[in-house]
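**Student:** As a plain string of letters, each chain reads:
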Amino acid sequence: MAGPGAIGAIQSLQGLGQVHKALEASAPNQANDASFAQTLGKLVETTNAQQIAADRAIVGLATGQVANIHEAIVSAEKARVSLEILAEMRNKLVAAYQEIMRMQI
Amino acid sequence: MSISSLFAGMDISATGLRAQRVRMDVIANNIANANTTRTATGGVYQRQRVVMEEAQPTSQAGSAQPAASVGVDIASVEADTSPPRMVYDPGHPDADNAGFVSMPNVNIISEMVDMIAASRAYEANATALTAAKDMVRATLSIGRV
Numbered sequence: 001m002a003g004p005g006a007i008g009a010i011q012s013l014q015g016l017g018q019v020h021k022a023l024e025a026s027a028p029n030q031a032n033d034a035s036f037a038q039t040l041g042k043l044v045e046t047t048n049a050q051q052i053a054a055d056r057a058i059v060g061l062a063t064g065q066v067a068n069i070h071e072a073i074v075s076a077e078k079a080r081v082s083l084e085i086l087a088e089m090r091n092k093l094v095a096a097y098q099e100i101m102r103m104q105i
Numbered sequence: 001m002s003i004s005s006l007f008a009g010m011d012i013s014a015t016g017l018r019a020q021r022v023r024m025d026v027i028a029n030n031i032a033n034a035n036t037t038r039t040a041t042g043g044v045y046q047r048q049r050v051v052m053e054e055a056q057p058t059s060q061a062g063s064a065q066p067a068a069s070v071g072v073d074i075a076s077v078e079a080d081t082s083p084p085r086m087v088y089d090p091g092h093p094d095a096d097n098a099g100f101v102s103m104p105n106v107n108i109i110s111e112m113v114d115m116i117a118a119s120r121a122y123e124a125n126a127t128a129l130t131a132a133k134d135m136v137r138a139t140l141s142i143g144r145v
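Heads up: the protein sequence lines correspond to chains A and B, in order.
Heads up: the first sequence begins at 1 in our numbering, then just goes up one per residue.
Heads up: the second sequence begins at 1 in our numbering, then just goes up one per residue.
In case anyone wonders, no lab produced these hints; they're calculated from the structure.
No farther apart than 27 Å at their CA atoms in a straight line, the calculated lysine-lysine pairs in the BS3-like style are these: (1) B/Lys133 / A/Lys42; (2) A/Lys92 / B/Lys133; (3) A/Lys92 / A/Lys42.
Please take these sequences and the hints and turn them into a complete structure.
**Tutor:** Spelled out as structure tokens, the structure:
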């Protein structure tokens, strides 16, 4: 009774292997092959830029330089969402690190 | 592909918000000047209307992908050239020899309807902006355990 299930599981494992091979094959073909550290650095930079833009927008609103209130709100929301993305990335990174450190040697 | 492309939807909706705000300002100006018979250019006030155009995307050199739409722009604010409303009021300082005064071609009722349309369109853009933001946050919530 367990036969078909087990075969299915093996087949799905093979499927995953193929996906992995496909990923390995496609990865070097990408033109701009940025390292993970560079990507994360860029993310931090972008988030920082968003925070600065939001700060400027709020100051501009207070001093009357920004005429449209929605511009300030939109840049504040952008800053918030990009900070959430950055925090999520950091959480994933730390979780992966901790997972590796827990490994039995 | 950068993180700022996540916010393209928010930027597009922001241009819509700005356009509707300008439209609202123009409508308010029309209502305020519904009885104005003198203007800086001389003659009676003419109803102003907003002309909108699709914003031109800044095409990136060497990019194979067609540039996406980037929202709406105010092309111009132009005068409605329909004839003024003639009102018989011989005592008015701006009355002509026959006693008729040219009043602005502003119809308060249609301005009010336009105003409702503008405020609803503003709400629609605000809702689209919130939806774009919520989509990004929903994507983040996939990763949470």
